[in-house]
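Peer 1: If you're matching them up, the sequences are chains A and B in order.
Under this note's numbering, think of the first position of the first sequence as 68, with each following residue one higher.
Under this note's numbering, think of the first position of the second sequence as 12, with each following residue one higher.
Only true hints are included.
Among chain A residues calculated to face chain B with C-beta under 7 Å, some are:
hint : residue
1    : G105
2    : Y124
3    : P125
4    : D136
5    : E151
6    : W159
7    : L244
8    : N356
9    : P358
10   : N396
11   : H424
The following residues of chain B were derived to be distant from chain A, with all beta-carbon distances above 10 Å:
hint : residue
12   : V222
13   : Y737
14   : D1033
Read the hints as simulated data drawn from the structure, not as lab findings.
A virtual CB, placed ideally from N, CA and C, is assigned to each residue, including glycine.
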Amino acid sequence: MGADAVLLLEDGTVFEGLSFGARGCRCGEVVFNTSMTGYQEILTDPSYHEQIVTMTYPLIGNYGTNLGDVESRRLFVSGFIVKENCAYPSNWRDELTLSDYLAANNIVGLEGIDTRKLVKHIRTEGAMRGIISSTELDIDVLKKQLEEYPGLVGRDIVQDVTIEQSYPWTEAVSDVLTGKEVRGEKKYKVIALDFGIKLNILRLLVSHGCDVKIVPAQTSAADVLAEKPDGVFLSNGPGDPAPVSYAIETTKALLGKAPIFGICLGHQILSLALGGATYKLKFGHRGANHPVKNLETGVIEITSQNHGFCVDLDSLKDKDVRLTHINLNDQTLEGICCDAMDAFSVQYHPEASPGPHDSGYLFKSFTKLMDKRLAGAAS
Amino acid sequence: MPKRTDIKKILIIGSGPIVIGQACEFDYSGAQACKVLRQEGFEVVLVNSNPATIMTDPEMADRTYIEPITPEMVEKIIAAERPDSLLPTLGGQTGLNTAVALAESGVLDKYGVRLLGANLESIKRAEERDRFKKIMEEIGLEVPRSGLAHSWEEAREIVEYVGFPAIIRPSYTLGGMGGNVAYNMEEYQNYINWGLSLSPINQVLVEESVVGWKEYELEVMRDGMDNVVIVCSIENLDPMGIHTGDSITVAPAQTLTDKEYQIMRDASLKIIRAIGVETGGSNIQFAVNPANGRLYVIEMNPRVSRSSALASKATGFPIAKIASLLAVGYTLDEIDNDITKKTPACFEPTIDYCVTKWPRFTFEKFPGTSPELTIQMKSVGEAMAIGRTFKESLQKAIRSLEIDRYSLDGRHIDAGLTDEELKERLRINCWDKIWYVAEALRRDVSVDEIFDLCAIDPWFINNIKDIVRLETKIKAVKGHKLDAEMLRQAKEYGFSDRYLAQITGVSELDMRKQRAQSGIRAVYKTVDTCGAEFEASTPYLYSTFEDECESNPTKRRKVVILGGGPNRIGQGIEFDYCCVHAAFALDEIGIESIMVNCNPETVSTDYDTSDRLYFEPLTFEDVMSIVETEKPDGMIVQFGGQTPLKLADALHTAGVPIIGTSPDSIGLAEDRKRFNALVDKLKLRQPRSGTAMTYDETLRIAEKLGYPLLIRPSFVLGGRAMEIVYDEESLAGCVANAIEVSGEHPILVDKFLDDATELDVDAISDGKVVVIGGIMEHIEEAGVHSGDSACSLPPISISEKVLEEIKRQTKLLALGLKVKGLMNVQFAVKDDEIYILEVNPRASRTIPFVSKAIGVPLAKLAAKVMTGMTLEELGFTEEAHRSHFCVKEAVFPFIKFPGTDTILGPEMLSTGEVMGISDDFGLAFAKSQMSAGNNLPTEGTVLISVRDQDKARAVEIARRLCDKGFKIVATKGTCIELINNNIPSEFVLKMTEGRPNIVDWIINGRIDMIINTTVGKQSIMDSFSIRRAALDNRVPYVTTIRGGQAVVKAIGSLAQRQPGVKPIQLYYQ
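Take these sequences, add in the hints, and give me the full structure.
Peer 2: This is the structure we're talking about:
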């Protein structure tokens, strides 16, 4: 078995391995994720758009793929790299092997490389552009192709992943073992701005009693307000938040008009709307084991994370913003609250999927905020 | 929340002797606790009866009590020390049970001692199965249907709704002792009755069987702020129905989707909160139905466990250390992650490799018992292997076991086994099932069918199939010349050089060369808790076959220490103790220490113990790869028992600089001819002997020497296949066995010295000066394996003159063998004549015991000597004399092996040891018996039944017991002898003589102690049921006449005064 697939990084580093999934040639930012489970959720998370994802856990595909563990309508990664892809998954929910799943969704996979070496390289040199290919193996050709790829900084790639037309979301979280849905009484009308939203956020909103309508990222504040929402949700999404100016403007216009809850890119957009600034992390946070301290309660949450950009803590110093959550690994900002505007957001993923459920209470915080508004409006 | 200020002095209870289900993992956890708590400025008081532990080293705690771990003795320690707190969660089930007893009896309240970590209420919620079950139901989790029985009547009602097969679990027993699966009413009744008798509170749980479901474990940590993290998930390769300690287990969980894993994680958080473990680690076990994912909670250990040790080694997250810090008030975010230094311990480790743990069994030592695996643990140790893939870690684990297997090959499987028989084998839960799975795959049995037969998850079977397929491909290569690509793939799959060499028909060295030429060499990756997300500062390494090597060897002067591998009978914690001391010693003299070992339970595989840790199998290939990477200045092979010694020659030949006593001298001591020549030259005496390769040769020697004879293979430890033969009749079977075990080496035939006194001497030599560490007199006569014999330091019955002569001979031998380091000599003394039985120029099993007895760290000194220092430089030129008596007693696993005889012989059967200390021999012996669980009576009825040659001494024993007010009962021959000597004794029938017989007496609780000696096959068989009944009914028993004499002395001392407690630090003053 000779190598039949390669990964070329922008600094010239080459990894040769074996192709799995679809054959093809794609550019993207090369990043790593340290979750040991949840690869299907990762593959279908729109936040990974234009990223070539390496799993640090070497054995991937062990439980196959199924129709339930998806986080969006399709797969978004540009490429998927593992140490060993499992050809014989074993799980009662398995429907398709990982390789077939990638092939069916036209995602290029690469296995059999020293993924730890790649991860260490990214850790020390930073996330970088790369090209994964199982069709063209000539490094010089790939180099040229890679040179043309602009990378993520300064580009709005939200527009590539957002939906075109708004629609209501009705599905709630369901119990994996019994299939039973956990449904709350519909009490709140929520507009969710889709920057690349993960379905589990929508499911959790429904389970918390939200009547959810999901709208395209470019929807204006006026259009949002025309729906008379009890709350607005700013979703996660891929890439650099700074160039997504329309969303920042919309958010600015919505501040104070309705309670706002943001996650990940939504958190960055809220922060930018409140006058903050963002910057790119060296290699980002991607995994399901990041400790985040809730500064209000002192409790530590083990969180699911996926972000390459981050809100600059100092940029919010003189703003009317409370810092609510902090990352204990690197002391970066993980959550803010603007009490005056009834807006709050977190950098990490309380919807989990994949990852721990420690932060699920934030959805409750959102409904409480809406309760407060509703009570205020009634009196 | 910072450190609590209301805590000053903490009592830690250790786990006592190594037994099945409770091994050196608790030395690891206890040693970590002592270390970190003292660093934090607390005063630490430790009690543990096991001298072979690092934690009982005098510098580990402020006060170290090597005393029996009974509530009465611990109360005395509490009264003397007045600790304000007790940390009960680090000493295994023994520590926990003792703490519960002290809390319930009001002792803790009386002395104002708080329980740290877990309070009484939460311990009981976790441990009492009916309460646990109720709590699980309250928090919405499912448990198997079950009921609690305190009698057979209750049990019968329960099985009505539980159904068959039914699981029986006695409450509060170790390692699932007494656990069983009953498939019918008859089995059920047997198991219920046994279980009720084993449970200290006479309670058993009867449970719905989930045999065949998948088994998982989660290691959970909680701090005082209610932060909870999962340290590690473990998936058992073996399905439910096999005790997790006996299962091959893999970390992390492999076949759970994130959704299912999070359900388990959520459940674990709920459980630890509901049970109320305030701080520290817990282990929670789950069963999952492979067909629909249905999840049952099986059990929870509200303490540090064997799995915690495994999880710590598998992830690099030191559970016991962190549990200790949490217990004194810290929260997880206040504690640093040792490995990254920059991030906090409040996170969930993520790993980028696969870990396989494989249990080590010693069924060959207990031929009478069924080797089938059940829910009661039977393994005596374990090996762990790390690889980048499951296939690699699996194959590394196999060769880590040191059972002379290096692959999944079928050479141990009967070639004539039909497919049907093979399939039948797959249904039975035996320790070597994996080899049958591989064989079935070789015969093209489908994965589905194998799964149906053995319920091992298809994911594992498919991985094994990959291995088997590649093996087949390699075997099919023409001319057996592997190309580089296939060779690389084989190495990536974890194939050993040794096996590849074997199937391609070359030598292992040639295979190694071939690999080197193709540029295929092991690289080392770091265990870093975080999947490379952060930089690791701790060199905790494992090998794999990939691109990048992270070993970064230093340029310091460095010495590699080879560890002992998995625990087994004959080679256990004592050797790990020595290896750890070697690491400490090197550190003290500024030499870098590099530890190589594969036993996850040990202190040696704590990344804190040495400068660099290689978690690797102890084979020539794996050690050589490390040598080539590290280029050490020296290697210590003499401390880890037989495992590294076996490699010494090959390593020496390959140019590895072995320091200390040379492999040649070690070989000389094992080589009968060369050794005889040395003994002759030194004008010393040995029992007459010969060596033989065949039965006929043995017979000729037997005729020359006369019976009795001691027959044994060479190059084995723990008296494997060693037997005393009294006549030609029993010679044949014994010789066949010895020849098989001995392999290409000859078997040794010695004239056996009947009724001699055996002595063990440990000494240290720098090549010029020899210093005696200690002389131990065995309580049992020569012929009982030294590891199984109780012994006293100093000797109790040997004259000063003989002792002086023994010292002189020891020194001669040390110089004659050019020993540089440790040496152990076994002598027999008969009628004041001294015979040399055996010389081992290496660390012996008794080194920790002697070191504790005399207060001198012999292993540490020896390691320094091996690096070139002299004893004079080290200030140890005179034997240390102490005025107290130390008695070592062995502890046996017989209770775990129904059907096994408890009689002692030349083959070692004990798993662990305890030590009793006192200024009086009798009390020291009494304490050793207490620690070993033999509660000597001070009144009541003693049964005496002895062989003819012991009758005279039995009379003396009986007389003294009579004087103390004991009633004597005896079997016919003994009874007549006693009455003839005017000792009142009641006659009792033997088993074969009718009823009610002696076993009825024992079962009915009419006997308080038994002295039973026997000789000859028939009498041994006849008296078997006496010993077994004694064991099963917890009646103290002695099987040697000298043991009986010591017991009588102990009872005499106990009648005069109660045993007190005293820390070892005071004994050395």
